[in-house]
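Heads up: the sequence lines are chains A and B, in that order.
So that you can map any letter, position 141 of the first sequence is 141 in my numbering, and since no number is skipped, the others follow by simple counting.
So that you can map any letter, position 28 of the second sequence is 28 in my numbering, and since no number is skipped, the others follow by simple counting.
The set of hints was computed from the structure by calculation and includes no laboratory data.
Where is the CB? At the ideal position from N, CA and C, for every residue including glycine.
A hint or two may mislead.
[Said to hold, decoys possible] Okay, derived cross-link-like pairs now, BS3-like style, lysine-lysine, Cα gap no bigger than 27 Å in a straight line: (1) A:Lys170 / A:Lys87; (2) B:Lys14 / A:Lys87; (3) B:Lys65 / A:Lys87; (4) A:Lys108 / A:Lys132; (5) A:Lys115 / A:Lys132; (6) A:Lys108 / B:Lys69; (7) A:Lys108 / A:Lys168; (8) A:Lys44 / A:Lys115; (9) B:Lys14 / B:Lys69; (10) A:Lys85 / A:Lys170; (11) A:Lys44 / B:Lys69; (12) B:Lys65 / B:Lys14.
[As the list claims (entries may be wrong)] Derived DEER-like restraints, expressed as beta-carbon distance ranges: (13) B:Val84 / A:Ala129: 20 to 28 Å; (14) A:Arg86 / B:Pro40: 32 to 40 Å; (15) B:Ala22 / A:Leu63: 13 to 21 Å.
[Stated by the list, open to error] Here are a few chain B residues that face chain A, going by a calculated C-beta distance under 10 Å: (16) Pro12; (17) Phe16; (18) Leu20; (19) Phe28; (20) Ser30; (21) Val33; (22) Ser35; (23) Val43; (24) Leu47; (25) Ala50; (26) Thr51; (27) Lys53; (28) Asp67; (29) Val68; (30) Met70; (31) Ile82.
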Amino acid sequence: MSQQVHTDEHRDDIGSRFGMWLFIFTELLLFAGLFITYSVFRYKNWQAFHLAAEELDVFIGALNTVILLASSATIAMSITALQQKRKILSLSLMGVTMLVGLLFLVNKYFEWSLKFEHGLYPGSETLVALGKGEVLFFGLYFFMTGLHALHIIIGLVFIGVVFNYVIKDKITHDNFVLLENAGLYWHLVDIIWIFLFPLFYLIT
Amino acid sequence: MSKNDEKYHIVPYKTFLLILLALLVFTFISIGVTSYDLGPLTVVIALLLATFKTILILTYFMHLKFDVKMFGILVAAVLALIAVVIFITFLDYLFR
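Using the sequences provided together with the hints, build the complete structure.
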């Protein structure tokens, strides 16, 4: 034992990241269950799912994919910036991440509005008239993309809180585990979208 | 000795930009490939590309390559669990 006096506060960064990872595992299992539900229903109603998937706009889906991938890169780079003590750059990169995340939600809003205009929403007469397979496809589409959008909103709030802490120097170049955890959460949201995009938009 | 005294690995910006570029390329390949009708192969290719992208994100963006080894092992275990559940579910549905 050294004689040195401990002045640092009690913290455990590995434990903190471990907690975040455990939470991410529960999220992965939640979405995995939904993906399996989707796959089984697709297998049993492949013709209806084929027709329904044609309704989705690949361009908006692709745009949102590019948006999320870019925002994942910027939040990852904001950690590098903070480690190099470049606070302003780190804050700017976080700002870009949040701005681009908002853009994702705006696209989602227009996409959903268009579906509603066409009478495609859970429980609508148009949808019920189309048949059981279409009801299942759009039910899963709205539930899964909606749950994903909810995760985007939570991720934005999380990054917003971290942004505020960096301004107030509560998160610094040698104490940034909260920023890392916000990043981990944002990347999780990205990974979920990486599977939602081909399953709903690309495979018809 | 505090647990936080370990030297943090600083990932250069260039690494993240290269990974982003790879992710975008994989995205456009999957859009291109799925525009052709290749039957069941389309699903396989699209999901394989999505898996590659996920591995890149886990390894670099989520720092698994530079973090404590245990996290990587746990992620692999969880993904294996999900794969087993998918396999068993389809074993049931395909052969009933």
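Checked hints:
Between Lys170 (chain A) and Lys87 (chain A) the CA atoms are separated by roughly 12 Å; this keeps the pair inside 27 Å, and the hint holds. Pair hint Lys14 (chain B) plus Lys87 (chain A) holds up; C-alpha atoms about 19 Å apart against a cutoff of 27 Å. With a CA separation close to 25 Å, the supplied pair Lys65 (chain B) and Lys87 (chain A) stays within the 27 Å bound. Pair hint Lys108 (chain A) plus Lys132 (chain A) holds up; C-alpha atoms about 25 Å apart against a cutoff of 27 Å.
This hinted pair checks out: Lys115 (chain A) and Lys132 (chain A) have alpha carbons roughly 18 Å apart, not beyond 27 Å. Taken as a hint, the Lys108 (chain A) and Lys69 (chain B) pair is broken in the structure, with Cα atoms around 37 Å apart against an allowance of 27 Å. Restraint check for Lys108 (chain A) and Lys168 (chain A): the C-alpha separation of about 33 Å exceeds 27 Å, so the hint is violated. Distance restraint check for Lys44 (chain A) and Lys115 (chain A): the Cα-Cα separation of roughly 24 Å lies within the 27 Å cut-off, and the hinted pair is therefore satisfied.
The hinted pair formed by Lys14 (chain B) and Lys69 (chain B) meets the criterion: a straight-line CA distance of about 24 Å does not exceed 27 Å. A threshold of 27 Å between alpha carbons decides the hint, and for Lys85 (chain A) with Lys170 (chain A) the separation of about 14 Å falls inside it, so the pair holds. The hinted pair formed by Lys44 (chain A) and Lys69 (chain B) fails the criterion: a straight-line CA distance of about 41 Å is larger than 27 Å. Our distance criterion of 27 Å between C-alpha atoms is met by Lys65 (chain B) and Lys14 (chain B), whose separation comes to about 16 Å.
Judged by the Cβ atoms, the range 20 to 28 Å given for Val84 (chain B) and Ala129 (chain A) is violated: they are separated by roughly 40 Å. Hint check: Arg86 (chain A) to Pro40 (chain B), Cβ distance near 49 Å, so the stated range 32 to 40 Å is violated. Hint check: Ala22 (chain B) to Leu63 (chain A), Cβ distance near 19 Å, so the stated range 13 to 21 Å holds. Taken as an interface hint, Pro12 (chain B) checks out: its beta carbon lies about 7 Å from the nearest beta carbon of chain A, inside 10 Å.
Interface hint status for Phe16 (chain B): upheld, as the beta-carbon distance to the closest one in chain A is roughly 5 Å, under 10 Å. The interface hint given for Leu20 (chain B) is met, as the beta carbon of that residue sits about 4 Å from the closest beta carbon of chain A, less than 10 Å. Given hint, Phe28 (chain B) at the interface with chain A, holds; its Cβ is 8 Å from that chain's nearest Cβ, closer than 10 Å. Restraint check, Ser30 (chain B) versus chain A: the minimum CB separation of about 6 Å is within 10 Å; hint holds.
Checking Val33 (chain B) against chain A: minimum C-beta separation of about 9 Å stays under 10 Å; hint holds. Annotation: interface hint on Ser35 (chain B) holds; nearest CB of chain A at approximately 8 Å, less than 10 Å. Taken as an interface hint, Val43 (chain B) checks out: its beta carbon lies about 5 Å from the nearest beta carbon of chain A, inside 10 Å. Taking 10 Å as the C-beta contact cut-off toward chain A, the hint placing Leu47 (chain B) at the interface holds, the least distance being around 7 Å.
At a threshold of 10 Å, the smallest CB-CB gap from Ala50 (chain B) to chain A is about 5 Å, leaving the interface hint in force. With a cut of 10 Å, the hint placing Thr51 (chain B) at the interface with chain A holds, because the nearest CB-to-CB distance is about 9 Å. With 10 Å as the threshold, the beta carbon of Lys53 (chain B) comes within range of chain A, its nearest partner Cβ sitting at about 5 Å, so the hint holds. Taken as an interface hint, Asp67 (chain B) checks out: its beta carbon lies about 7 Å from the nearest beta carbon of chain A, inside 10 Å.
Interface hint status for Val68 (chain B): upheld, as the beta-carbon distance to the closest one in chain A is roughly 6 Å, under 10 Å. Below 10 Å, beta-carbon pairs count as interface contacts, and Met70 (chain B) has one with chain A at about 8 Å; its hint therefore holds. A least Cβ separation of about 4 Å between Ile82 (chain B) and chain A falls short of the 10 Å threshold, and the interface hint therefore holds.
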